[in-house]
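Engineer: Protein sequences, first through last, are from chains A and B. Throughout the first sequence, residue numbering follows numbering that gives the first Met the number 0, covering 0 to 332 in sequence. Throughout the second sequence, residue numbering follows numbering that gives the first Met the number 0, covering 0 to 240 in sequence.
Derived from the structure by calculation, the hints contain no laboratory data. A couple of the hints might just be wrong.
[Stated by the list, open to error] Calculated lysine-lysine pairs in the DSSO-like style (CA-CA distance at most 30 Å, straight line): (1) LYS111(B) <-> LYS107(A); (2) LYS111(B) <-> LYS302(A); (3) LYS302(A) <-> LYS110(B); (4) LYS184(B) <-> LYS107(B); (5) LYS107(A) <-> LYS182(B); (6) LYS214(B) <-> LYS184(B); (7) LYS111(B) <-> LYS58(B); (8) LYS111(B) <-> LYS6(B).
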Amino acid sequence: MKTSRGAAILAIITAALLILPLVVHDTFVLRVLTEGIMWIGLAIAFDVIAGYTGYLNFGHGAFFGIGAYTIGILMMQAHLPFWVALPLGGVAAALTALIAGIPTLRLKGAYFAIATWALSRAIQQLALNVEFTGGPDGMRLEAFLNPLFFYYLMLITVGAIFLVLWYLLERAPFGLKLKAIREDEEGAKALGLNPTMLKMQSFILSAIPTGILGGIYAYWITFIDPSSTLGDLVSDQAVVMVVFGGMGTLFGPALGAILIFAFKTIFWAYLSDFQLLYLIILGALIAISVIFIPNGLWGTLVKRKAVARPQEKPEPASEPAALSAVAVPEEGN
Amino acid sequence: MTEPILKVNSVTKCFGGLTAVDDVSFSVEKGEIVGLIGPNGAGKTTLFNVISGYYAPTKGSVVFQGNDISGKPPYHLAGVGIGRTFQVVKPFAGLTVLENVTIASFLKHPKKADAERHAWQVLETTGLADRAHLSAAGLTLAGRKRLEISKALALDPSFLLLDEVVAGLNPTEADRTVELIMKLKAQGLTILIVEHIMRVIMNISDRLVVLNFGKKIAEGTPAEVSSDPHVVQAYFGEEAA
Chain A
0 MKTSRGAAIL AIITAALLIL PLVVHDTFVL RVLTEGIMWI GLAIAFDVIA
50 GYTGYLNFGH GAFFGIGAYT IGILMMQAHL PFWVALPLGG VAAALTALIA
100 GIPTLRLKGA YFAIATWALS RAIQQLALNV EFTGGPDGMR LEAFLNPLFF
150 YYLMLITVGA IFLVLWYLLE RAPFGLKLKA IREDEEGAKA LGLNPTMLKM
200 QSFILSAIPT GILGGIYAYW ITFIDPSSTL GDLVSDQAVV MVVFGGMGTL
250 FGPALGAILI FAFKTIFWAY LSDFQLLYLI ILGALIAISV IFIPNGLWGT
300 LVKRKAVARP QEKPEPASEP AALSAVAVPE EGN
Chain B
0 MTEPILKVNS VTKCFGGLTA VDDVSFSVEK GEIVGLIGPN GAGKTTLFNV
50 ISGYYAPTKG SVVFQGNDIS GKPPYHLAGV GIGRTFQVVK PFAGLTVLEN
100 VTIASFLKHP KKADAERHAW QVLETTGLAD RAHLSAAGLT LAGRKRLEIS
150 KALALDPSFL LLDEVVAGLN PTEADRTVEL IMKLKAQGLT ILIVEHIMRV
200 IMNISDRLVV LNFGKKIAEG TPAEVSSDPH VVQAYFGEEA A
């Protein structure tokens, strides 16, 4: 019952987002929405490795930038059409995850965060110093100025990412296996799980959608440079959104992305004289949320509900079933 | 006599200059409960870790059902039928009891619905079904030890390594765990158990292997071992022997 209500709410939101451009013709609003949707995708992709697997990746932005640059280079230098280049952006990000994961996924906790951060800085420096990326001058893509196209492309892509991740992480065994790695890697081994393999799969699963979103971003914005796509911004913002929204869930990061992005947009659009204040408020908000709601907004909401429920009606399944010993109680999920 | 299910052949495990397990050999027959005992620091847990794949032996080999498994990773050994518990329990604290066990059930039941059904059955056997939806972090020590057993059992193993699953429990809880172990033996499981509580280990073991300072000092039925002068000396010192 709970899941069907959730599905209904999601369907309504999706329908609203689909028909919205027919009602709202303001390009600014459309642009903000497109970027907001992109951030939802980036946050949930980040959460695959950070929340579900417990590896805080401070190099998430590198996947985004590599996706963006792959599309830029393939379109401008190899003259491939966008639809051919786009999946290759995902492939490039996946390869990066594979190569970067071999040394870094052996590390844990802060060491993993530091190593991935350093690696992403190295990639940014590389893009600044080689010819084919345009170095610090960046790269201009063939302009395709159709806000409606990008709005729908972003919406459909992020929708697809959400569905795939939801299936893999919440429906299939994969998500639970990742959580086992997060909770206790040594203990997971004894249960037949290969942590190296699972962490690598998780890292790649996090990288692919991020690379694809980077590609769409590049074509949409038409200009990329090392600081806008390979800088700290993507990683840092993803961390903030996921921690604030709630790690290890899909709805948490989505909620975090919406709130943080809305907050940021309002500040930049209407209160641009107080930019310094934006960072101060954001920092304070994060500190407060880490201290008072360590499970994030979504985690806190869900927990409060879970605590309230058993008092209303106790779990009916187990006691009689334990006596009959054969009967299997209907799953409570 | 049939081939033993587990053969430990002159296993030695060194950590730097320290020899934790020194040239230990023994075997376990199918359907037996073998107790591994010895004073603190005798090398019992190290030997467990060698058998379950957490450490590769420095010398010697471990043969399980005719195959050399020395140095194979734990997740491979889980696949061939070796289940183990940890002395320092390792619950997945952020997950529910049911989820903890379901993860182990995935080994033999790759579909989530099947794995959950299987996990329920295991929880009924081990008496945790009424706590299935609790967070594993919320269990008592007795509950967590039971969860350890449940997870190992959910692998549907043919061979079970139990590392101090009774120690730390009150007498009632201990009796329930012993009952469970006997039930598992009756189902045909072979068990190697480390335990400090003599009352328990003497009662349930068919045979005992005694370690001291990494070496095997005795092997035999509980009655034989308890009258062995080396064993008495190891436990009570020179004069008692």
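Engineer: All hints are to be evaluated individually against the structure, with a verdict given for each.
Structural biologist: Hint check:
1. Straight-line distance between C-alpha atoms of LYS111(B) and LYS107(A) comes to about 29 Å, which keeps the hinted pair within the 30 Å bound.
2. With a CA separation close to 23 Å, the supplied pair LYS111(B) and LYS302(A) stays within the 30 Å bound.
3. For the proposed pair LYS302(A) and LYS110(B), the alpha carbon gap of about 27 Å is at most 30 Å, so the pair holds.
4. Simply put, LYS184(B) and LYS107(B) have alpha-carbon atoms about 21 Å apart, close enough for the 30 Å limit, and the pair holds.
5. With a C-alpha separation of about 40 Å, the suggested pairing of LYS107(A) with LYS182(B) is violated against the 30 Å cut-off.
6. Of the supplied pair hints, the one linking LYS214(B) and LYS184(B) holds, its CA atoms being roughly 28 Å apart against a limit of 30 Å.
7. With a C-alpha separation of about 41 Å, the suggested pairing of LYS111(B) with LYS58(B) is violated against the 30 Å cut-off.
8. Taken as a hint, the LYS111(B) and LYS6(B) pair is broken in the structure, with Cα atoms around 35 Å apart against an allowance of 30 Å.
Figure legend: structure checked against the earlier numbered hints; hints not met, in rising order: 5, 7 and 8.
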